[in-house]
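Line order of the protein sequences matches chains A and B.
Going by the numbering used here, the first residue of the first sequence is number 777, and it counts up by one from there.
Going by the numbering used here, the first residue of the second sequence is number 464, and it counts up by one from there.
If you are wondering where the hints come from, they were derived from the structure by calculation, not from laboratory data.
One thing to keep in mind: the hints can contain errors.
As the list claims (entries may be wrong) - List of simulated lysine to any residue pairs, SDA-like, C-alpha gap at most 20 Å:
{"#": "1", "chain 1": "A", "residue 1": "LYS963", "chain 2": "B", "residue 2": "PRO764"}
{"#": "2", "chain 1": "A", "residue 1": "LYS982", "chain 2": "B", "residue 2": "PRO764"}
{"#": "3", "chain 1": "A", "residue 1": "LYS1038", "chain 2": "B", "residue 2": "PRO764"}
{"#": "4", "chain 1": "B", "residue 1": "LYS768", "chain 2": "A", "residue 2": "ALA967"}
{"#": "5", "chain 1": "A", "residue 1": "LYS959", "chain 2": "B", "residue 2": "ASP757"}
{"#": "6", "chain 1": "A", "residue 1": "LYS1397", "chain 2": "A", "residue 2": "GLN1408"}
{"#": "7", "chain 1": "A", "residue 1": "LYS959", "chain 2": "B", "residue 2": "ARG756"}
{"#": "8", "chain 1": "A", "residue 1": "LYS963", "chain 2": "B", "residue 2": "THR758"}
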Amino acid sequence: MEAKLEKSPDVAKLTAFHLTGERSGDTLSEISGKNLLPALYAEYRDLSHLRYDYPLVLVEDSDTGNFITPLSVIIDNLLRETVPQGIDGEFLRKKVLNLENCIKQMVADGRDGPFSELWTQAETTLLEAEDAETQDELESYLEKISRTSKVLKVKGRVVDCDRKTPRRSIQHVWNEQQQVTRKNLRKRLDALILRVAGVLRADFEKSAEARSAGNIKGQVGTTFEDTFDFEAMSNLLTETLPEQSMSESRRKRLQSVLEDLKAQQFVGVENLDTAPDKPADPYTYVFETCSEAMDAFMDRLPGLVSVIKAIAIAELELENRYSEERHDPFFRKFDKTSLVPEDLSLFPSYLVLNNIEDDDAAEKARIIEALSSGLPIKVLEQADNILVDMMGGAGQAAPGGRGGQIANMALGINSAYVVQSSASSLYQMAPSISNGMQYAGPALFSIYSGAGGQSAGLPPYLVAAAARESRAFPSFTFDPSAGPDWADRFSILANPQIDADWPAHDISYEDSEHKTIREKISFTVLDFMATDPRFAGHLASVPVEEWDDTMVPAAACLSTTPMEIMDVAPYVMMVDEADVLQRVMVDQRLVRTARQCRDTWHALQELGGINNSHARRLLQKEQALWEEQKKQELDDLRSKAKPAAAPKAAPAPAADAAPAPAADAGPEAAPAEEAVAESVVEEAPPSDDPYIETTRCTTCNECTNLNDRMFAYNEDMQAYVADADAGTFAEMVMASENCQVSIIHPGKPRNPDENNLEILIERAAPFQ
Amino acid sequence: MPTPTTENFLKHGEDHYTLDDFRSSAPRWCDGCGNNAILTAMQKLCRDEALPPENTVFVSGIGCSSRFPHYMNTYGFHGLHGRALPIAEGIKMSRPELNVFVNTGDGDCCSIGTAHWIHAIRYNMDMTVILHDNHVYGLTKMQASPTSPQGLKSNTTPRGTYLQPLNPLTVTLGIANASFVAQAADWIPDNLYDIVSAAYRHKGFSFVRVMQRCPEFVPVMFDPYITDPERILLLNHEQGIPYDPVLGKTYKNQEEHDPSNIDRAREIASLEDKIPVGILFQDKQAARYENIRDTNKPYSPAMIKEALDSEFDKFTVMPAD
Ligand SMILES: Cc1ncc(C[n+]2csc(CCOP(=O)(O)OP(=O)(O)O)c2C)c(N)n1
Ligand code: SF4
Ligand code: SF4
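The following block holds chain A by itself, in its conformation from the complex (with noise of 0.2 Å):
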């Protein structure tokens, strides 16, 4: 790379270009068919060789969740897994990264397919090309871990990142998560019907029809027809018939709610023998538009109510509780507005692939109100191309293009799961849409693909990361279960370098006298948009002669005012195919949207709590008053210090031996409120009445046997005297003796005339 700083430029050419966007003069060239780069992403321009969050591959029947993995990720696991660490496993860790490049080659050649097929094929690629005397270390290694390895195990497809990485990674989410949800509603149906059928059933075999010769027969069967007397038997069983049957209303109850469990079409039939004798289709979920899946569901909406009834009446009547006195009424009202959220979510979510730029205003009408519905729509917004839109008609949109647009919207809603992702942050974001799919209301994913196909030559990846990078299409999250407020709901974290407006990085080149320069340099959208050749004509490079100190790199002129920068000349840093650094200039209209971008970063951020505008505020009112404070008893102590000084050498003041007496009495007063308290705690004395210790009762029945009259239990089965005039002190005497855990206290005698009274107050007294 080369770099000079020598001749001033023409000023006035400079900033004549950023008012106006004219080009005047040799010093400003245009950029079209440079194939400039942005100066960070010079190393990237060939990603083959790097290793990177793609291929994915989007795993079947995970167990950990994780249903988007990187390719590198998986390699890494093998390596782990199988390859000894150091020296040792050097051979077969270069064989393995290369199984893997090879099927990256294979993917970016247009090839994805399954995991496995990909690897196999690479393995024979690998095999061909290996030297004689070490194919046979290769050849069983493979074939060992292809038996042993835990991590080869993993199905799933391997796929780039392309216009179609977006739709095909949310629905592979989805569909993952649903047949999960499928699987859960299937069985749960399958068992209330086996269960209400069996009740039914109960039911039946109490009645005298059931009990018939003929129905015995069926039963038993023909084979022994000519040695078994049905009629008898039906006789005997008639006689015995059980009072108690169940009432016309319970099993009409049972009857209908068992039609409607096997009417339903939410879910398919499996091989059970529980689904109608002809299962209508099960119906289907993925729509093209919102518009159509609200249409769907609401289409749906009675059946849903009548199999949620169905479900919850099922439960209640199997659980014992259904009382027609205090359901009945309910169920009779059962409609719509009776559903909720979460007995939704036991049924599949509807899923919309939509594409933003394909979406008319009464479409975006429709997602917005599919958003606020509440019901479990899950709509993926795809972007392609959100660029062309920043600049709209007059130079005046939302950045991020109207995928931003929606998510932001979407966000007011304050209801519904939202994620905003560029494809190259797919793998990041994956425990985001896992939750999102899983919300039980509706959620909005906004992905910008990257693949619009405007960025000349730069892979999608690059440019999805890029649009992440310079905060025209930042990643968030609002997760509206996670909690009741912004701090627990939103996250920005997933952006790189969140309390900046733009991520800085450092870079390094050689000057023209091969000196090393450092330099660190921010990543804003206008870098982001001068890798658009439609932005070509807002853009011109300045040749390295002319670089001169009045050049602003935009980033710092972003952070200044617009009439603070009237004279100055923003420009990126681009590389071009030679790997030459370029200052390209910025004309105003490009920085205004660029400012548009940063203000909505800056909402962003105040929303994820960084730079939070009301926060700041109350702060600096806090430390205001914190101060004002702090100066008063700063002041106060100052003039009480003042006379305190004084009286140096005065003898002590009245007060101060006031309290010695006082001080004598203390240790005698303390313990004299100790005892006070303790007294609280202890238990009653000794008293004159008998009495037990209920608490410590064991329930074991001597006092209660003796003399139940006298001794009774409370409501938890534990012994106290109910009546110790009930018996003789005798008595009371004899149940203090055989009580166990000698809890009875038996007190005095009541009756000064008992018989061997003597005998028995030296008895009572090691209990009371």
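Guided by the hints, dock chain B with the ligands onto chain A, whose structure is given.
Same frame as chain A, but now just chain B with the ligands:
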């Protein structure tokens, strides 16, 4: 798990029970028998946890203690000697939603039923098991049991037992996958109640050995511990049973013991001069057999019929033509 709508109803229409709802016929145990205290604790537990009687089952083997299910107004299964656990496992496997309790004596569990006991610990199915340990066979009128102290004279050991007793706590703690081990004394009812409550709430095989008095045949067996509370070691911990200041007045000998510490649990279980009471060990993560083997599929009548037919076919002898 019921749907949210049902749950709402169940919550609002929650039944309130009294002790009477769980009482059936009057127990036919001897007066002063410690089983009465255990019965009260279990009835209180069912009442306080609002366990619907129709969703609750007590399973037992044979013995005085095994008469327990008769006195609970719930479902019950008075099984065969030593076989309470396999019956309870079968119930849990086919009706996992039921609350399953097991009452077994030291003869029933630690003698004839030992093999089932060991494997039930390993299976760790969700049930609460009470070992009524009176150190003797009560029902058959006093024979030595595996937990009888060395030297106990009984009908089968007129010169006193020769062997060291088996310690059900150390045995249980020695089995892989043990998940809840506790000990209680029938004569400390509040503590007994706390322990059985914790055992019930634990999801897994909760094993509670209760020192149970048999005044009929071994009337002074536990006297040293009843008369001297210093010989009781009360275990408390915020993860187990918290310190109880009321009990603390009588039982001053206390230890803060973390139930996740199995090494200390084994030491406590091996104490000889004291009876430790409280939760010795708890592992909430231990795998449960009913979950591992959950086929996720309800059995339809047709499937059951098919399975039964194929079993019967193995034994069927068809009449000659
Ligand atoms: C197969 C079989 N063997 C022996 C018996 C005889 N028997 C009945 S109860 C019992 C011992 C019970 O002791 P324990 O389990 O400690 O119960 P406790 O009566 O002490 O509560 C025995 C051996 C039996 N009923 N069945
Ligand atoms: S004798 Fe003692 S332990 Fe037994 S019931 Fe009466 S008070 Fe309770
Ligand atoms: S013999 Fe012992 S264990 Fe059996 S009922 Fe009587 S006191 Fe209880």
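Structure-based check of each hint:
1. A:LYS963 - B:PRO764: This hinted pair holds, its Cα atoms lying about 15 Å apart.
2. A:LYS982 - B:PRO764: holds, 18 Å
3. A:LYS1038 - B:PRO764: holds, 16 Å
4. B:LYS768 - A:ALA967: Holds: LYS768 of chain B and ALA967 of chain A sit about 17 Å apart, inside 20 Å.
5. A:LYS959 - B:ASP757: Holds: LYS959 of chain A and ASP757 of chain B sit about 14 Å apart, inside 20 Å.
6. A:LYS1397 - A:GLN1408: holds, 16 Å
7. A:LYS959 - B:ARG756: Satisfied, since the Cα-Cα distance of roughly 17 Å is no more than 20 Å.
8. A:LYS963 - B:THR758: holds, 10 Å
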